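**Q** Take these sequences, add in the hints, and give me the full structure.
As a plain string of letters, each chain reads:
Protein chains: 2
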Amino acid sequence: MEDLRRHLGRIADLNAAAAVLEWDMETHMPDAGVAARARQIGTLREFAHELHASDETGAFLAAAVPSSAVDQDLLRVAKRDFELAMRMPAELVGEMARVTSLARDAWKTARERDDFPAFAPHLEAVIDCNRRKAEALGYDDDPYDALLDEFEPGMKTARVSQVFADLRTELVELVAAIAEKPAHDDALLGRYFPPDRQWDLGEQVMAEIGYDFSRGRQDKSAHPFSTTFSVTDSRVTTHVHPHHFNPAFFGSLHEAGHAMYEQGVDEALDGTPLASGTSLGMHESQSRLWENLVGRSRAFWDRYFPVVQAYFPGALAQADPDGFYRAINTVRPSLIRIESDEVTYNLHIMLRFELERAMLSGDVPAADLPEAWNARMQEYLGIVPPSDAAGCLQDIHWSLGAIGYFPTYSLGNLMSAQLWEAMGRDCGDLDEHIRAGRFSVLLDWLRENVHRHGRRKTASEILLDATGSDLDAGPWMAYAKAKFGALYEL
Amino acid sequence: MEDLRRHLGRIADLNAAAAVLEWDMETHMPDAGVAARARQIGTLREFAHELHASDETGAFLAAAVPSSAVDQDLLRVAKRDFELAMRMPAELVGEMARVTSLARDAWKTARERDDFPAFAPHLEAVIDCNRRKAEALGYDDDPYDALLDEFEPGMKTARVSQVFADLRTELVELVAAIAEKPAHDDALLGRYFPPDRQWDLGEQVMAEIGYDFSRGRQDKSAHPFSTTFSVTDSRVTTHVHPHHFNPAFFGSLHEAGHAMYEQGVDEALDGTPLASGTSLGMHESQSRLWENLVGRSRAFWDRYFPVVQAYFPGALAQADPDGFYRAINTVRPSLIRIESDEVTYNLHIMLRFELERAMLSGDVPAADLPEAWNARMQEYLGIVPPSDAAGCLQDIHWSLGAIGYFPTYSLGNLMSAQLWEAMGRDCGDLDEHIRAGRFSVLLDWLRENVHRHGRRKTASEILLDATGSDLDAGPWMAYAKAKFGALYEL
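Protein chains in written order, with this note's numbering: chain L, 1 to 490; chain Z, 1 to 490.
A portion of the hints provided could be inaccurate.
Copies of the same chain look alike in the list, so a pair counts if it works inside one copy or between any two.
[Unchecked claim] Here are the simulated lysine to aspartate or glutamate pairs, EDC-like style, with alpha carbons at most 20 Å apart:
#	residue 1	residue 2
1	K220	D24
2	K108	D196
3	K220	E26
4	K483	E421
5	K79	D115
6	K156	D142
For the record, the hints were derived by calculation from the structure and aren't laboratory data. In this text the structure is predicted, and so the values were computed from the model without any measurement.
**A** Take a look at the structure:
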């Protein structure tokens, strides 16, 4: 086991180093450094891959004798990682890299020029690579299973389809009902919020909910992200808009949620493949829990409205907590996923999940994507994008080769509500804790039930142990109906 | 050649990545991250070393067919690097790592407690490792040659001894003559200089002398340094003292001098072993040239005194350019090398050079170092440290295993004056250029004659081609006598 741990530790070190270089590239690096930096990151990732997908790893795995429960988990996870890595032919890995390198540039230009036909052949090539990837990795029922499994280990396409189907009808109804009600006035969120004050407020609240700045830090970047170099160093970034309150504030809560998950992993797992969040869905459950279930709750603003008002006397002197709470919970069908609200967000995801499957099966050729996209936008949200740039070209994910990634965003939303319900059963009135600033009650529960396990448990195992049931759309739907039913007087 | 370049490029990428991780550790990393970070850096350096000191490198070097002058230089330098790496037995590399790891901790504690005897056995072990290193690397005349060569390729101990001897007598006389004159009043440098304003001033002046912020940046760290990740990304750090003008301002000029050297290397060499300064001495010549020959000159302050006065009206409203110029050029024998002035600095270095050689030969056992140190301090500077903490325990270098490093600081001073003289012959009145802010005239000359070559030329070749003579103490001594003779009315 010691040899295996050391070997895997070196691979983890190479990947952590690559993550540091990527973090620096997005936060501090002078622009001129980009070409050399891309080369350096490429070299590190190559080394890590070569070292991992090697006979050496196979030999260490075969020779390892586990002497503890952690050892057993480590061995199981490492074997699975290794098998998947070895199933990918080097030729396909190389082609994927070439195809996505071209697709990324083509996507960027196509979006700028609103020229989907220029991107279509690249998208088709990405889909084709993913078909071959699915065949290489193997699956029982559905090729999409193999792709989904990379981001959400153990999750099946059929299960996601079923859960999304449960959700969709009710969600479309809820959105339609809200659309008939008077719109919330959220104009005050577009006033001037001095950037330095936004920054300070964000860091104050992050620290108060439990993000550990002694094991992390916040920096500025064009697109917010969180990244982890070790259990003792998990960082976030944010982007401050002077004339919009939401992006920095809720972005910081969101990224802090991700980073607090990584900070909560048992330190004894550091440097092993077990030391990270167990799936993208479970990760997103943590970011969404702090951003939405905590950060957009009435109880939270009972506590924080006076604080925020004091930070921004210019923008908020005449505002009141009720109006502010309504403003940050405006529901409005819109075109862009990342700008959409808590309720409509999941519909954006379902649309993508369905279209990914349709493209993968060949039912929707890449060239026909805009038509299929716009039809679903009409059906789910009642609006149609005026351009592909604001439609099927808006996200970068497909150009990076990622098929099977999108559904994890909604899985995260659903999981967050399941965990929230269970937390309420275990910890008492969560609103009371939030109003009193006892965020540690929430965080301790998450640490105990979710964070500390790292990858020792799958998302499904965590849900079962913590909530008594597997993935389930019920709690989130109930939460959304109750919250937005009250807000919109349905 | 292409295979060799790619192979060496990957090694360079690993080392650059380690440098990024070190930079982050000193500037931004949360404290708790230190253990994981040390492990990550260790892994990268190990990989880089394994990959370099390998049969693979030997095979690439043997098979490479140069087809240009750059190829020939690359092959020559890479072969030399490889030979030296292969001469070091793995067992000695390992022992060196263990010995210095213990020595560093022991030094830190010993300095804090002023307990030299606790450090002495560690120092003896470091010296012994260096004796074996010298034997492994090989030398013609003097074991010290082998150690010096690592930091100053091609330089010989005998030559350094001779040059230092030329210097020492005159320098001791100059220091003594100054000591008899009325002391300069430099109290104004200890007033309050608001840190943010110091920062802004430093960045303004760095940009004006030619440091390219589009290919670099400045951050804060406990100890200032410069570091290079590529020709397109060469960074500096500084440390701001609210009650001392010198450290941040002259520190920024110094580090910018180092970084401008790296920024000036021909971009075509990036990613190869040729893409860096050619020796520590030549590197120090660049930092010292901008810090002292430019930054402490009368012409510089003719231009910048009003600027700096406007930055610090509180501290400098009543000051005048003459008094300020005298203050920043105060000569005063002192105990600590890094706080010493332009004139006495070289005596601190000579002392260390002599004692390194004496320890290496066994003439001075490590245990007897304090006595030998204090005797030389009395002889050269006329003062004796009241404690070993302020004496032979003040520097970290020996505890890191570096023997042969110190003399390069003084070699840099000497080279800077040689280059300055030649620059004056080629470019006309340098004071006039400085007064007019035409720093690009100086920088262009340095780029042409020094920077762009990277490691294609040795320091000695650069000096010969640029100045017509090899290393020579004459120009620096003439500069010091003229400048400080005028300042102290000798």
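**Q** Could you run down the list of hints and mark each one as holding or not?
**A** Hints, verified against the model:
no., hint, result
1, K220 to D24, "both (11 Å within a copy, 15 Å between copies)"
2, K108 to D196, "neither (31 Å within a copy, 39 Å between copies)"
3, K220 to E26, "both (8 Å within a copy, 19 Å between copies)"
4, K483 to E421, "within (14 Å within a copy, 78 Å between copies)"
5, K79 to D115, "neither (44 Å within a copy, 52 Å between copies)"
6, K156 to D142, "within (8 Å within a copy, 71 Å between copies)"
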